[in-house]
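**Q** Sequence:
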Amino acid sequence: MNDQLIFRTEHGSHLYGLSHEGSDRDIYEVYDKPGHTLRQQFLEDGMDVVRGGIWAFVNRALTGSHQSCEALFSGRKEWTDYGWNRYGAFIEGLRVAGGDVVEKYERTIRKFAYSDYKRRRHSVRLYFNLHDLRRCGRFNPTLDGIQIPLVNEIARLYEGDALAEKLEVRRKH
46 MNDQLIFRTE
56 HGSHLYGLSH
66 EGSDRDIYEV
76 YDKPGHTLRQ
86 QFLEDGMDVV
96 RGGIWAFVNR
106 ALTGSHQSCE
116 ALFSGRKEWT
126 DYGWNRYGAF
136 IEGLRVAGGD
146 VVEKYERTIR
156 KFAYSDYKRR
166 RHSVRLYFNL
176 HDLRRCGRFN
186 PTLDGIQIPL
196 VNEIARLYEG
206 DALAEKLEVR
216 RKH
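Numbering (the working numbering), first residue to last: 46 to 218.
I should point out that these hints are in silico values taken from the structure, not numbers from a laboratory.
Be aware that one or more of the hints could be misleading.
Heads up, simulated DSS-like pairs for lysine-lysine below, C-alpha to C-alpha not over 27 angstroms straight-line [what the hints assert, rightly or not]:
1) Lys163 <-> Lys78
2) Lys163 <-> Lys149
3) Lys149 <-> Lys122
4) Lys122 <-> Lys163
5) Lys122 <-> Lys78
6) Lys78 <-> Lys156
7) Lys211 <-> Lys163
Here are the in silico distance ranges between beta carbons for each label pair [unchecked claim]:
8) Gly138 <-> Glu198: 23 to 29 angstroms
9) Arg164 <-> Gly138: 28 to 34 angstroms
10) Arg201 <-> Gly120: 24 to 30 angstroms
11) Glu210 <-> Phe87: 32 to 38 angstroms
12) Gly80 <-> Leu202: 40 to 46 angstroms
13) Asn185 <-> Phe87: 25 to 31 angstroms
14) Trp100 <-> Asn130: 16 to 22 angstroms
15) Leu202 <-> Pro79: 43 to 49 angstroms
16) Trp100 <-> Asp145: 15 to 21 angstroms
Beta carbons: idealized from backbone N, C-alpha and C, even for Gly.
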């Protein structure tokens, strides 16, 4: 391992299609390096970068970290030649599944349902992602022209218990 960049991808609201004029720029970078952590760094000019090694990234994705899953399934990855040749087929072939993943997604969806409008939108978006994960182990993190207004409308109309019920996740007692 030699700390070479494998890929970078746009992340956050710009990737999802929910950005606005004041949205920051989120980038996710994966390197060929050891370690079990991903580090977030806030840069100037509204730039936010998550960086980490390949195995930390894969572990987080396979255990249901929605940020890592979104980077994994991003159609906007910028591969380096080194990264594509060494890891491209492996990364592009990964599927994410299992009860722990579903539970983590449902927990996050439920938590965000009881929050502000921005997080409620994320709750709805994550619900769409979870539906596809259950079906085929992958999803497209970029919302389409039908999903974007639907996410906004559902998040505007529902919150708390009503949103959790709409998204078929209930508070666990």
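**Q** Hint by hint, note whether the structure agrees.
**A** Evaluation of the provided hints:
{"no.": "1", "hint": "Lys163 <-> Lys78", "verdict": "violated (34 angstroms)"}
{"no.": "2", "hint": "Lys163 <-> Lys149", "verdict": "holds (19 angstroms)"}
{"no.": "3", "hint": "Lys149 <-> Lys122", "verdict": "holds (25 angstroms)"}
{"no.": "4", "hint": "Lys122 <-> Lys163", "verdict": "holds (25 angstroms)"}
{"no.": "5", "hint": "Lys122 <-> Lys78", "verdict": "holds (18 angstroms)"}
{"no.": "6", "hint": "Lys78 <-> Lys156", "verdict": "violated (33 angstroms)"}
{"no.": "7", "hint": "Lys211 <-> Lys163", "verdict": "holds (17 angstroms)"}
{"no.": "8", "hint": "Gly138 <-> Glu198: 23 to 29 angstroms", "verdict": "violated (35 angstroms)"}
{"no.": "9", "hint": "Arg164 <-> Gly138: 28 to 34 angstroms", "verdict": "holds (32 angstroms)"}
{"no.": "10", "hint": "Arg201 <-> Gly120: 24 to 30 angstroms", "verdict": "holds (27 angstroms)"}
{"no.": "11", "hint": "Glu210 <-> Phe87: 32 to 38 angstroms", "verdict": "holds (36 angstroms)"}
{"no.": "12", "hint": "Gly80 <-> Leu202: 40 to 46 angstroms", "verdict": "holds (43 angstroms)"}
{"no.": "13", "hint": "Asn185 <-> Phe87: 25 to 31 angstroms", "verdict": "holds (27 angstroms)"}
{"no.": "14", "hint": "Trp100 <-> Asn130: 16 to 22 angstroms", "verdict": "holds (18 angstroms)"}
{"no.": "15", "hint": "Leu202 <-> Pro79: 43 to 49 angstroms", "verdict": "holds (47 angstroms)"}
{"no.": "16", "hint": "Trp100 <-> Asp145: 15 to 21 angstroms", "verdict": "holds (18 angstroms)"}
The structure is inconsistent with the numbered hints 1, 6, 8, although it conforms to all the rest.
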